[in-house]
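Participant: With the hints in hand, could you dock these two chains into one complex?
First to last, the protein sequences are chains H and X.
Numbering-wise (the working numbering), the first sequence opens with residue 1427 and increments by one.
Numbering-wise (the working numbering), the second sequence opens with residue 21 and increments by one.
For the record, the hints were derived by calculation from the structure and aren't laboratory data.
Where a beta carbon is used, it is the ideal one built from N, C-alpha and C, also for glycine.
Possibly wrong hints are sitting among the right ones.
Facing chain H, from chain X, some residues (calculated, C-beta under 10 Å) [to be verified]: (1) ALA49; (2) GLY50; (3) THR53; (4) ARG54; (5) VAL58; (6) ALA59; (7) GLY121; (8) GLN723.
Stretch-level coverage of chain H by chain X, calculated; a stretch enters the list once three of its residues show a Cβ under 8 Å from a Cβ in chain X [claimed, not checked]: (9) 1451-1459; (10) 1466-1479.
Below are the chains, spelled out letter by letter.
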Amino acid sequence: MSVVCANTYAGAAAAYDVESDSSPNAIYVLLRNLNPSVDFVSITVGDELPAFVPIASATLIPASVAAGESDLAAIEFDVSAAATLGQTGDIQVTLGGLQNGNPIDVILRIPLEVVASAAAAQGEIGVGVPAPDPGGADTDGDGVTDALEVAFGSDPMNANSVPGKLAFAVVPGLGAVAGIMLLALVLMSGWVLSQRQHRLGAS
Amino acid sequence: MSRQSLTSIVGEAVAALALSCLVAGHVHAGAATRIQVVASLPNIGFSVEDESGDIVGEVDGIATDALAGTGPGNVIVGAQLHLTLSGSSDDVIWGHINGAGSFEAGLPVSDADGTYHKPFPGAKYQELYTPPLEFDTTGPNTAADRPVEVAVLIEAAPDCDIVVSKSIDLVKPPVVMVHGINGNASTWTAFEAEFRNNRGFKSYAVDHSGGSYNSGAPDYGGNGDIHDSYAYVRGGVPGEVGIAEALDRFRTGHATAHAGKKIAVQKADVLGSSYGGLLSRWYIEQAIDYGDDVRKLITLGTPHRGSPVTNMNVQTLVDPVIAAADCQFFSPFLSMEGTLETIDAFGFIRWKDGEVPEDVVPALRVMTHESEVLGVLNGTAPFRDDVAYGSIVGTDNQINFLLIPLLNLFYDLEPTRGLLTAQKRYFPWMPILDSGIGDSDAVVPTWSQTLPARTTNVPFDHLSYHDSTSVQNTVAVWLQDSTLPRGDVHRPAFLAQVIPDAASRDNAFVGSTLIGNQSVGGGLEHDAIVQVEFSGPTLGSNGGLSQLDSKGGIVTATMTGMARVAVAGTAQVETLTLVEDDLLDSTLDIVSQSIHPGTTPVGQLFPFSIDAVMARDQSASILGPDGSATNFVGGEVWSVGYEITGHPDYGQSPWTDIDYTSFALPTIFVPSESEPFIVGTSPGSAFTAEGGVHATSGGGGTQAVNSELWEDNFFADTLLEDRTFNVAMPADTFSGALMPYAEPNWFLFKNGSGDVQGASGNSSGETSATVYQFLNQTLGYSFPSSSNVTVNVAP
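Next up, chain X with everything else stripped away, as it sits in the complex (with noise of 0.2 Å):
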């Protein structure tokens, strides 16, 4: 090529320039020069690479998932990057590329940007990256990447630096956001669309629920085991996104994640709301398989320490006064079993898990107050070391419905008795200990929720958290907060947490126990509840109602209920009075006992157990030592429970009912045999008389009783056996009581004529008599008759 064709090539941007001359009419003074220099291209290799392994070849980024460490400068280590360079036998110094393209050595902000360190003693080819604490100590921080050029300068000869450099891009690490019961990854939508369109995360929604809601699947619709459904937060079930998916969309540059980019990745951030927290604590501090990759956990609103209201939901599965009481959500109209199936229905709260036998919810039972599964979680070492902590805390204790600031489920689903009564309550220690103004976010305490180490209050109820614009910017500082405590800056304050009534709590809920892998129990401790409960011999059941026959005997009435503690340690005197309902209440019994507290402070509650005793009269009427109600009705439905004075919590428990038949004093007859009997000759058939008598004094022994057999004819009946006999009374008995009797060897028998004749000698005249029971008592009451029962002569 020719001089001319070279320049026609390289000269067109010097001809451009001369022209431009020209036209400005400038001729320069200086002469223009032609350097020519010769430049060789090294051949050098240096590679980025996962230290891990767990990506193949060269990454392009990393994510700042390191922690502070227990010490000044301590580190626990996430990822880091094999940096290597090939092709150099010389001297080299590693660094990065600053903004105007010039090396410098070391990193851009020292350990704001991560550090050197030689992965190996004598290593000089080769480092490690390890990523600063956090994606940015300075600014909003709301970008998803953050370029650093890392570097290495080759000392090749004195005339001589070769620098290669590799740009990559640090990141935030992937939050994996768990959802709590009864919903589904929908939870985190709108928190999950902030998140990453506004603040430069890449966030994953786990989804634990099984499916829809009302699915039926095993999972029960966020309501699974914590033994089980941890799995979901883990990740490696088929189908769904968990830690490890998140990771790995991470490591392979997914969509959804830095598209493209391999990015080095050890541990994500997570954030569990309610129960999604314990699921995620259960995997990082429980787990066999925890993956070592969890770096920070946020929860919000998880019952750390349960939450009283399941211990309720439990309880209305398995008591049936609880089941049967009216809600007050939806009193008179439904009663607590039936509330709980229409929330259910409506897709609230599921309850019932659907199978057969129906059972509660396992999500519910796990997080019952006191449970094992709470206890091994909060036993004597809960958190881990190398995991970083914080709980956000609501204490908006009303949930809005329809707009209107109205649901509190600690009140709302507890078990009450009559809107005309003045709402009483069966349990009235739940808006006591657990909901008070501002002490919880309307189901879970904030006592519950609290991680004390790092804790903030928001003015929030439990669905409302994921919609919040604080919650989101506390939750956003937090992720990129180098300082959240770890795991054991956590525990010793989390084990020294005063938890205001907690003696109050442990007498009042029953937490669920571990059989195998599964959670089971969980409600109420029963002497807690305010109710009154029937027993006795002579008592049994008609459609779940406590029923009294006519042969009466005594009724046992155990009050139950709790009291707060006068004096620490010593026993008190308590006064209940057993009271039947009427427009006037009547008293049946007034009963003082010292009951010891036993441990319980001051101030606090403890439980009761008292007894009553009532019983009844030939006329269907209630009474007991201390009093008495009549109707002259017959058989009646009483309403009885119990007043006690000095307890401001309560004054009066919730009425239950018993019904007490009709009085009819029993026919004579022969055990296991029916009607007609038949009689052979002497000493012929051994008959029974029952009944029930009055009580002509109280304190037990024995009483005599008269009660006589007489054949009904149509003038004059006829006495076949007159007996007296001593029927024996317990101690409670009282005075008018209708005590019960069962007098055996009666005998009726064929005698000589053929007639049906009785022990005392009075023959009927008849081959076929008619005989009745006839009661004498004492004078002041009336002397019943039975009814008639033939008897025949054997052939």
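One chain only, chain H, in its complex shape (with noise of 0.2 Å):
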């Protein structure tokens, strides 16, 4: 069985930046596994890269997705320099997992697009380059390691807070009116994230 997740990553955009002639781009996914009963334990590209990517390179960090757990895939990339503006195309990659011994497959697309100008950093900006805890640690329980929970911008301490998903607490004793005012914060927050990917392209 394979299964084909199409820009299911939180904040999904129509396509992030790259520039002509680049290298190494780098593409972090958090993967937050949600099977209950599948390892994922390889990694592989696609064969039908974008024209204007000459090479491609993925690997599981560490070695495997384990059921209901976080980890890490790392993708890196050359953009060449034949790529022009506005060229458009998606790199996939393939998670291979068993599930009661039948091959379950996860394909990711992340879609591209040659700008003149890419940001350093786009997407689930969080502080440093992602990188997972060799400890494991998860302060909050939330499922994703304190590490990646800090590349990718949540809060490790509050297991509402997790990458992809905006912390939303109800506050108890804060009542409805506090709660709304909490509500429309997050919202704000939300628009500001938005309106941050908005020239990402997002739909």
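Facilitator: If you want it as structure tokens, here you go:
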């Protein structure tokens, strides 16, 4: 069985920007495995790369994404000097696992567009370059290790704050009004985030 | 972890790439970027199961075992897969993954790759997958499996489509091969290997032989009765592989199927060779336990309408005349019975069952032309509407023997009489009706092999189908041909099929009948056998040879055979001449008789049975109303046959022997007593005088006979009684025939002197007299005397 999950990541974008003749570009995908019985143990780059991407490779960090846990996929690629502005294409990677002996493939597609000037960092930006926590520390127990939460911009101390999902907490005692105010604050934050991604062409 | 550490972990590929760039001396003009995204791997379940429930859990593939239905687009469904999506509440689109790995709605090439349909109204997350009618419609189709990746697209959100798929294997249905008589599963060794290794089929050879050929098992080496042996085709026989086992092996991923893969399947394709085709048809069309598990049946040389050769086999067991006849194949060394025994011993054709009392093996009875079993199969509604059929028909009427095309069972297993008498046949209709060039495969006539809606002729004999590449090619094509006609297409064509000389066959062969569930009978129409048979009130038997004793009597010679109809519905006169075999054959009786052909069409054969008569004389000559043959030896074995004119199929019957004993006038006797006879005082004892007297005229009535009792003395014999009496002559009596008489109540008694005396009053003058019979006949015939008997007076 294969699962093709297109644009399932939070803050979905029509395309991310890349510049021609650039190397090495990197894509970090925080993989949140919601399957309770599937370990994803392999990652491969699809054969059909965009015309402007001559080479790409992918690695699971660490080596697998265990059932119910979160880990990292790192993809590196070049954009050729021949790339022209406006060119688009997807880099596709396939995650492979087994469920009850049956193969499961999850296919991720990351849309790219060649632009004149790309931001140095795009998407779910936190503090620093994503890196797994070797000790697997997950202080708030939300299924995402602290290191990755930091890298992807969520609060490692708040279980309601996970990458790709904005924090929303009902604070006891504040009542409905406070809740509405907090909601408004969250919505405002979301509007800010969406404005940031609007430039990316979010749909 | 520090950023430095991260770089070391994730950056090997990047570093390598950068190094390669440095080596190339290239400086990138564009700025690199880092993209961070979050992907949730959804918990979606997608199960693919066998709709029938025969397989528990997930399946890996499905056999293309459906059949085109009666109308456009109508399908006789076989296996189906039940696809269930779980963990989703969104809209879905059912489709497949194409060769580029992308989702496409629908299936690859529409009906050629199967169809989806809802298992029940309103089903949103379930579909039934029905495979295509055939494994593939393009290319040589020699692959064992063809993957189709069924898929469902979940429209989870405007930005998130999830496609779940599973690759399933389309495979060809199992092919079950059923051998014929006198064989076992090894019949298919080469065929099965070719289909399995080179043509992408998973094939299984049924073995209904019950073991080795000479095992004596109740299955008779593949010759079991159809009512029993069809079970081997069905399956479920311990230790054997039939359709049920083949399907089970597909479902369980058996090593002989698609190893390790569970394949949904409901129906198998069947190949039936010869009798194996009839066993298969019986299972499919007549068995009450048919499992609705056959898609196609292709027959190879199957005698759908029987084979007259088997009628001959049966007749050899039941008819001493046929059994004792010379067999052409070994003539004049072996009789028909000896030939069949020899062939049986070599393992070619099992004839008798080896039981006590011996009987013909059941399969041969089933396959007799016009048998009741075949009548049931081929009656008003042959074939099933939901099974497709095809026939491969052999037309080489010579089986190779030691590499020489030599054997044709219609000729070689035909009873004849005498190599030196031009191979006179007892049943010349066999080759005439069934084995002209190209009209049979040397065992089964083409008209019997043919299923007319889809048939092909191949230039092979009955034993050569299985190793033929062209036959294998045809079978492989038909097994993947969705247009192979169903039974309902075959039916009218089969029933309307014109069988040449059908009336002649009906007049020539006797089919077996069903007694309970067993086939009994079968053979030849007795009158159709060209022969002479003898009967008569004074005819006895000497070791199976008809014997006429010295008293004579009229012998009826029944002459049988078949004649062609000259004018339909009109009686025609046939003239037959009863002859005796000699250097120059002697005519005995010429008989002309008007016989009516009934409804037999013009030019076809109908049986006749015409009687002639013959008799003997005192010298044991053979004679009839129209002639005679003489010898001077005394007793004689005569060979008698008949000649017929105007019938090119045969001109003369075989010779049949009849023994004429040496002539002797019987002695007088007292009924129920033995010599010496004891006589008391008057009236004494009643003696009977028997003998044979030449008829003085024909046409029946009575004839006066004079016989005397004499006492034998040294010098002059004494007449004890002289009596003239009338003897009844049958209507078929002819002049010169020796006719029997038996005159009772001749009295001898003890007279007053204590001597033996006859009723005429003459005394023997002896207390112990030797008495003999003396026969007076008309001038021209001898006057025979009997031997003496001793008659004593009572004390």
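Participant: Could you run down the list of hints and mark each one as holding or not?
Facilitator: Cross-check of the supplied hints:
1. ALA49: holds, 4 Å
2. GLY50: holds, 3 Å
3. THR53: Check passed: Cβ of THR53(X) comes within 4 Å of chain H, closer than 10 Å.
4. ARG54: holds, 5 Å
5. VAL58: For VAL58(X), the interface hint holds, since the closest Cβ of chain H sits about 4 Å away, which is under 10 Å.
6. ALA59: holds, 5 Å
7. GLY121: Check passed: Cβ of GLY121(X) comes within 7 Å of chain H, closer than 10 Å.
8. GLN723: At about 106 Å, which exceeds the 10 Å cut-off, the nearest Cβ of chain H leaves the hint on GLN723(X) violated.
9. 1451-1459: Three-residue rule met by the stretch 1451-1459 of chain H, so holds; n is 9.
10. 1466-1479: holds (count 3)
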